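Fit chains V, Z and E to the supplied structure of chain W, relying on the hints for placement.
Chains as they are written, first to last, in my numbering: chain W, 68 to 286; chain V, 697 to 943; chain Z, 160 to 219; chain E, 264 to 467.
Bear in mind the hints are in silico, worked out from the structure with no lab data behind them. Since we're looking at a predicted model, the values are computed, not measured. Accuracy of the hints is not assured; some may be wrong.
As the list claims (entries may be wrong) - Rough simulated footprint, nothing fancy, chain Z against chain V, three-plus residues with beta-carbon under 8 Å:
1. 750 to 763
2. 921 to 932
Claimed, not checked - Which stretches of chain Z does chain V cover? Using the computed rule of at least three CB atoms under 8 Å from a CB of chain V, they are:
3. 167 to 174
4. 180 to 192
5. 195 to 208
By construction, the Cβ of each residue, glycine as well, lies at the ideal position given by its N, Cα and C atoms.
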Amino acid sequence: MIWWIIKRDLLLAMRRRSDVLTTLFFFVIVVSLFPLGVGPEASILRIMASGVVWVAALLASMLSLGRMFSSDYADGTLEQMLLSPVSLSALVMGKAISHWLVTGVPLVLMAPVLGIQYDLPVEALIVLTLSLLLGTPVLSLIGAIGAALTLGLRGGGVLVSILVLPLYIPVLIFGTGAVEASTAGMGFGAHFSILGAFLLVSIVFSPWATAASLRISMG
Amino acid sequence: MTINWFKYASPASFYFLAGRMIPYFSIAAIIFLIVGLYIAFFSAPTDFQQGEAYRIIFIHVPAAWMSMFLYVVMAFWAGIGLAFNTRLSSMVASAIAPTGAMFTFLALWTGAWWGKPMWGTWWVWDARLTSELILFFLYIGFMSLQAAIDDPRRADKAGAIIALVGVVNIPIIYFSVQWWNTLHQGASVSLIQSPKMATAMLSGMLIMALAVWMYSIVMILIRARLIILERERHTAWVSELKEGVLE
Amino acid sequence: MKWESVSDFFAMGGYGLYVWGSYLVAVLCVIGEIIAIRIRRRTLYKHLGLRKRSILRGEK
Amino acid sequence: MLTARNLECIRGEHRLFSNLSFSVNPGELMFVGGPNGSGKTSLLRLLCGLSLPDDGEIYWNGTDIRKLGVDYRDVMTYLGHLGGIKDDLTAIENLRISCALAGCEIDEDQAADALGQIGLAGREMLPARVLSQGQRRRVALARLLVTRTKLWILDEPLTALDVAAVELIKGILEHNLAKGGMVIMTTHQELVMSTVTVHHLVLS
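Chain W on its own, in the form it takes in the complex (with noise of 0.2 Å):
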């Protein structure tokens, strides 16, 4: 059945392929926005480069995230997944891993072309593609639970940008930790197990989250 949703979604997005296409031209955008505003020093860049790719990750995962629900909330197929006799908690998983893929994905992949802009060395290109492959697939899930709770209110994308971002921070801080832990030349791998354990508790948490949500914004 998570299947048949995530199938769905990226057939979906397959047909709005410019909605995809914007949340990854405004990740490049923003990325590319730092060097002209902080000057084109390589060592200044390098040290920011982490740091910048993944806030503007962030806010790439975030912006989309309104479109998580609200179309399937707005033409009533919300309501069948609610009265669906699946559970409502795959279903979300479902929901949630299409988001990352439609998303996430696109994101993780532009990471080191990005990477190439700011100076990085190879091997902090792989580790900061490595932590954005684990730690996006957190911001899909933990976003579900904003964007369920948010649904159909006036002013939901700001309000869900309050909500999610400071529930995002542990994801930055050792997303971009585990880059300036290898351009440092300590081991990252630490980094790596503790966004993994993010990633495991939101695998359990949160679809449950988000589905108690929805049935309260539909209620």
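Positioned in the frame of chain W, the structure of chains V, Z and E alone reads:
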């Protein structure tokens, strides 16, 4: 006057109970405040390192304690309201949020005004201050979510979810910020690091904490009573109250 | 008494600005909160159509 | 059998209805009528378990639907006035996905067959965006042909449908009722059903 008493027993009786308790807590708050301030400014000795500036501790630390404590209490009541569908506990949770946010702000402000003479800057990305800032964001999130929802029952439940998610995240955030802080070796000078804190300092801090606690209870009770009236304005007991029958 | 004079007390050993800045804002926060509650109460009472405020106190 | 006992629904400051009790037995149809804003949709949402009543209970064969949970959702189909139709998907994809969500997966042929029966032959592969209002509704209603649930709760199923389609739906409903199913629906168009027991519930 037997109309609907059972149905509305709990918020109504809380309304009257709270009304009777407010004066006692107010008096307690004032007494603790007077004693606490006396110790803070007259009986506590000058700190050998920080001079008189450390006297900010007597407001900073109680405010910081209270801000964290209130978030947990708020999440607790919101969670109870969600689990058992008890409206009163959700109303208490909403009543706690503004006071909690106020103390978070106060802890940040006094932290900055203490940091300036001690560290030379208004703001340092020290683990405590950063966590406090994030706590402030969590309070703001809770309050803006509730304010954006018109249906009070949905507001209660949605607020409960975000408060619980927040409370689960606070230890993780705190731990992450600590890690991040040691990694960057920022200002690691703890404000309360004096090896042997004078008894007067400690007792002053504790008494001020009690004062702040009592003050919070008073504010929360007053606000909870207003929320009860707002929510229950169509019920029999409120109209009786309006007509003065319940005197 | 540990302070020599009133001005000594207000000077706080040179840190007067910071100490009093902190406590002043604490007082302002408390006043602000009380005012916010009063405004909320006033609008509520107006909404309920009440003129006399004392009625809703609920104390005997 | 679906039984409602002392239902009460409050929206904001309005009490839409209270003390509402009724029961629907197998083979029976219930029309829910009343002016706009009288709480028809709210009632249907309570009955299917999307929202909770402010007072009262709803029982399915003697058990509270809140306790039944999945077991209730297994035997019930709800079609809201929003059809759950995605503009960017074709009629066939829409039908297959909504059926899969409702717990009965069907293959392409079964879906095409159902769409043919409901009068959409030749339009199966068109994206829903180009379909008319009535045709979109038919796509949503096609699910009734495939589903095996007993209790149907339909919110304004006949809106935007032409005479032929209304007759078609009438036939589908009668078929379900003859099998011992139950239908609860709101409508502004009266359907004449001679062979089955019909209840009228009018909300004021």
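Against the structure shown, which of the earlier numbered hints fail to hold, in ascending order? none
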